[in-house]
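Protein chains: 2
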Amino acid sequence: MQYVKRVFSLFTIIALLSCAERMDQKSDPLPSWNESKAKQTILNFVEEVTSEKNPNYVMPENRIATFDNDGTLWSEQPYYFQLRFAFDRVRAMSAAHPEWKNDPLFAAVLNNDIKTVLSFGEHGLLEMVMATHAGMTTDEFATTVKSWIDTAKHPGTKKLYKEMVYQPMLELLNYLRANGFKTYIVSGGGIDFMRPWTEEVYGIPPEQVIGSSGKVMFEMRDGNPVLVKLPEINFIDDKSGKPVGIHQYIGKRPIAAFGNSDGDLQMLQWTAAGAGKNLMVYIHHTDAEREWAYDRDSHIGRLDKGLDEAREKGWLVVNMKRDWKRIYPWE
Amino acid sequence: MQYVKRVFSLFTIIALLSCAERMDQKSDPLPSWNESKAKQTILNFVEEVTSEKNPNYVMPENRIATFDNDGTLWSEQPYYFQLRFAFDRVRAMSAAHPEWKNDPLFAAVLNNDIKTVLSFGEHGLLEMVMATHAGMTTDEFATTVKSWIDTAKHPGTKKLYKEMVYQPMLELLNYLRANGFKTYIVSGGGIDFMRPWTEEVYGIPPEQVIGSSGKVMFEMRDGNPVLVKLPEINFIDDKSGKPVGIHQYIGKRPIAAFGNSDGDLQMLQWTAAGAGKNLMVYIHHTDAEREWAYDRDSHIGRLDKGLDEAREKGWLVVNMKRDWKRIYPWE
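Listed in order, the protein sequences are those of chains A and B.
According to the numbering used here, the first sequence is numbered sequentially starting from 16.
According to the numbering used here, the second sequence is numbered sequentially starting from 16.
Quick caveat, the hints were computed from the structure, so don't treat them as lab data.
Note that this is a predicted model, so its numbers are computed, not measured.
One thing to keep in mind: the hints can contain errors.
One copy or two, either will do: identical chains are not told apart, so a pair holds if it fits within one copy or between any two.
Straight line, CA to CA, 20 Å or less: simulated DMTMM-like cross-link-like pairs of lysine to aspartate or glutamate [to be verified]:
(1) Lys197 with Glu247
(2) Lys230 with Glu155
(3) Lys130 with Glu76
(4) Lys130 with Asp312
(5) Lys292 with Glu62
(6) Lys197 with Glu76
(7) Lys230 with Glu247
(8) Lys197 with Glu63
(9) Lys173 with Asp237
(10) Lys161 with Glu76
(11) Lys68 with Glu346
(12) Lys267 with Glu215
(13) Lys328 with Asp237
(14) Lys197 with Glu214
(15) Lys267 with Glu222
(16) Lys320 with Glu234
(17) Lys197 with Glu222
(18) Lys320 with Asp237
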């Protein structure tokens, strides 16, 4: 009897141990994050707002998390991937636009002189984006984007652009959703450019994507209603436009917001000013080997004022080099 | 033995019958709808798009249903309820605006001369709405709306405006959601006016409400970020604005759309032009006793072109008098 008891308790201990081990493996929702303060801050926040007995508990319908896209969910160097899409559109459309050869901006694109192209600054680039995105119906545009995103590769990594997404952020998106969060993209990028692929790549459906947009017009073509994209700006979802976009599209204040540049600062400020517990996170590009390292002096994704404010207010700054085991899913 | 068998089968039959009866009661998701073609059309549509083996099956993520609000989910006579809110705001704000006494529109509001007020037409009314809605922060405005909707009563029925919602439509919203649909409001009414109460009244959360909007501006007040409502139109979600709003906010085409006026026609056309099975519904106000009867000649909620097109294309026209057992929940 004594023997039976001992064997039994030994089995029990082994079973419990192996169970605990399995639990532990199972219970790490962020395996690509190193065991650091960053990971722990995120885990603690989610634990607090989802535990009903915690004073900081948040009802599921108010668990809104907003994510910038360029530089926060996928890479943005050497220049925003949507610009590359626009350049490819210029090339594809150039036969129908002989006048572009005499336009310094469009000519530079056609000559692949990216340095000159970028020197036109935001205004020039926006003009080019408008010219290449407009005129089509929304359905035609979605088809064009879909076929581009499924084939276009980054010149540096030779990977599809849609593969240059951050594995730790994919895990974070899943983890938040598994805890009742609704995850949104709030990006300066084009809303019609993102929506055709964000569900496949990030698990974020079109209705949870907020971005910059051009005006569209309802029109009857041969008795069929279409929406035609116009070469006119409707909304710029950047800087102070981000809280505006959040208000207009969601009508609720996020309790967690993730960005990587000064363009995200107002979104983080707006989130921080909410009642109750909230989480403001900057992804800091510090890894020149595995990705890119840039902040205060970068033309793309500049993080300067935001970095100061994050440090002053104790927001979480994720150091990609130190905090992330892996950058991309294919590593 | 023979006796036992007989008793047993008698019990079985009784049990089966009572079970079937209970099933039948349980399985009527639209008890306030009369047994008519309208009800059957809706039930058949939902059955088709949710049965995996049906050729018209639609994946849950694409089950988007859009509803106009004024005249489709709640009453709109003798004039849009939001106008009454604006009139009440004019009265509440008039002490701070002595100049309004000399303005013919505002003076008419203060004198309760609604006929003169309405004679100013859409443009004048919009101006008044802008004047009374702007200047506040979005949080202040939401609080103002919430306290109005919880107390303001309709002069005719003496019921709260928020109680003047259609019971058959509440059942329909629930029925669609129970079948995996995402239900949206797509209204000419103000988005910031609707969002504070649509979840409580219709079960539709703020992020699924699309409406007209004024511009808002992000601003720092004593170090606190606020969004201030500006007296400037951002978007009119009416007529051809409805498919535009649907594209901008949802990015998917509805498979079911419900309206009651010519202002909803383009939304129904846009829905009808989608691939696959879809359902276009007009609510026709035919019940002068229990609600109001109006269509082609009404200034509010005119249904003229839409009625012709619905008949021509075989869209469902719900006859409120004939098809609805009850109009309001409190009947």
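For Lys68 vs Glu346, is the C-alpha pair at or below 20 Å within one copy, between two copies, both, or neither?
-> Neither: 40 Å inside a copy, 41 Å across copies.
Given identical chains, is Lys197 near Glu63, meaning Cα to Cα at most 20 Å, within a copy, between copies, both, or neither?
-> within (17 Å within a copy, 29 Å between copies)
Tell me, please, which holds for Lys130 and Glu76 at an alpha-carbon limit of 20 Å: within, between, both or neither?
-> neither (46 Å within a copy, 42 Å between copies)
With identical chains treated as interchangeable, where does the CA-CA distance between Lys230 and Glu155 reach 20 Å or less: within a copy, between copies, both, or neither?
-> Answer is within: at 16 Å inside a copy they meet the 20 Å cutoff, but 30 Å across does not.
Alpha-carbon proximity context of Lys130 and Asp312, limit 20 Å | within (17 Å within a copy, 62 Å between copies)
Between Lys197 and Glu214, at a C-alpha cutoff of 20 Å, which is it: within one copy, between copies, both, or neither?
-> both (13 Å within a copy, 16 Å between copies)
Is it within a copy, between copies, both, or neither that the alpha carbon of Lys292 lies no farther than 20 Å from that of Glu62?
-> For Lys292 and Glu62, only the intra-copy Cα distance (11 Å) is at most 20 Å; the inter-copy one is 43 Å.
With 20 Å as the alpha-carbon cut-off, assign the pair Lys320 and Asp237 to within, between, both or neither.
-> The answer is between: 19 Å across copies meets 20 Å, while 52 Å in one copy does not.
Copy assignment of Lys197 with Glu222, given that the CA separation must stay at most 20 Å = Result: close both inside a copy and across copies, 11 Å intra and 11 Å inter.
Is it within, between, both or neither when you check Lys173 against Asp237 at 20 Å Cα-Cα?
-> So Lys173 and Asp237 fail the 20 Å test inside a copy (43 Å) and across (49 Å) alike.
Have a look at Lys161 and Glu76 and pick one of within, between, both or neither, based on CA distance no larger than 20 Å.
-> between (31 Å within a copy, 19 Å between copies)
At most 20 Å between C-alpha atoms: does Lys197 with Glu247 qualify within a copy, between copies, both, or neither?
-> The answer is neither: 31 Å in one copy and 31 Å across copies each exceed 20 Å.
The earlier numbered hints that this structure contradicts are 1, 3, 9 and 11.
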